[in-house]
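Engineer: First to last, the sequence lines map onto chains F and S. Using our numbering, you'd call the opening residue of the first sequence number 1 and step up by one each time. Using our numbering, you'd call the opening residue of the second sequence number 1 and step up by one each time.
Please note that a few of the clues may not be correct.
[Unchecked claim] Result set (DSBU-like, lysine-lysine): computed pairs, CA atoms no more than 35 Å apart in a straight line:
1) F/Lys25 with S/Lys35
2) S/Lys35 with F/Lys35
3) F/Lys35 with S/Lys19
Think of the hints as simulated: they come from the structure by calculation, not from any bench. Nothing here was measured: the structure is a model prediction, and the numbers come from that model.
Number of protein chains: 2
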Amino acid sequence: MELLVERGVEHAGIEQIAKRAGVAKVTVYRRWSSKEDLLAAAIEHAREDLPNTADAGRPAEALPEVIADLLPRWGEVLAEPRFRALTARLLGAGPDHPRLLEAYVRHHVEPRRERARAAMLQAQAAGVLAADADVDLLMDMMTGAIMQHLLMTPTPPDAAETTAYLGRLLRQAGFDIA
Amino acid sequence: MELLVERGVEHAGIEQIAKRAGVAKVTVYRRWSSKEDLLAAAIEHAREDLPNTADAGRPAEALPEVIADLLPRWGEVLAEPRFRALTARLLGAGPDHPRLLEAYVRHHVEPRRERARAAMLQAQAAGVLAADADVDLLMDMMTGAIMQHLLMTPTPPDAAETTAYLGRLLRQAGFDIA
Chain F
1 MELLVERGVE HAGIEQIAKR AGVAKVTVYR RWSSKEDLLA AAIEHAREDL
51 PNTADAGRPA EALPEVIADL LPRWGEVLAE PRFRALTARL LGAGPDHPRL
101 LEAYVRHHVE PRRERARAAM LQAQAAGVLA ADADVDLLMD MMTGAIMQHL
151 LMTPTPPDAA ETTAYLGRLL RQAGFDIA
Chain S
1 MELLVERGVE HAGIEQIAKR AGVAKVTVYR RWSSKEDLLA AAIEHAREDL
51 PNTADAGRPA EALPEVIADL LPRWGEVLAE PRFRALTARL LGAGPDHPRL
101 LEAYVRHHVE PRRERARAAM LQAQAAGVLA ADADVDLLMD MMTGAIMQHL
151 LMTPTPPDAA ETTAYLGRLL RQAGFDIA
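Excised from the complex, chain F in its bound form:
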């Protein structure tokens, strides 16, 4: 994952990976027959630590405060150069290495969406979000806006800017938060 983030798929070959890991190439080939297999496995097993509203263990009515409390932590994780670089590299891998993008979407993007969906349904139930909102589309809009904000701005936003942006985004999405 280090090599993938630092140098990209094209320069994260078995040879470079073995070198970085301090093992012989043959040791790597014993488990993975190609760079794609190895990178897909690495992507599948990588951890992510975006905190979850459900983890707060507080009642639905407290959702606006739970979200407000989590915003700075979300801003911090999303603004990490590592997160940005990984997302850019895997989106960029789409045309030549669709399997790697798929592994990322299946093991990272979709679980994140599932958690966001649960939080949004919870928000609708608590009256914090309009009952008639198109939840799936709203998730595309929110995650898409974040992606665009992180990847398409010449000077990458820092944690505080990202946190402020997330607040604006939740409000425009229709969340009734402070």
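Given the coordinates of chain F, assemble chain S onto it according to the supplied hints.
Structural biologist: Just chain S now, kept in the frame of chain F:
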């Protein structure tokens, strides 16, 4: 641009470009001293043909119909494999070739945003979009959702699906269209 779309920045070197253009390498070096200079110039001069609501030359009140008329054409352009591949490759170029991503953002993404902004202000003036909408953020959400929809779905959507998606998106964004 063909090479960039087909093979990506890493494989679009002066040598390959000269070969594809059927000229000698020295001919290319006479105008561009590096692959990055040449690719940045190619990106700057590439044409894009997303039709514009202002081009319809119809009064502001007709905006909902103008948008409805344009949706299929937008869906068609956005669903083109070429458009998807170029966007993916340039987002992916961010970490190693920020200059190329910047050229793309400045010469393609920002002009598109400016046109979208003008259409949204026009929509607000015509009462087709809520007067208190955060227009800049709404643009991030809409372009971000499209990006996400085009680049992160394992099976790329076709023109009809993209058109339907754009309609859903405009409605969730608060556009009062048919």
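Engineer: What hints, given by number in increasing order, does this structure fail?
Structural biologist: When the structure is compared with the hints, none of them turns out to be violated.
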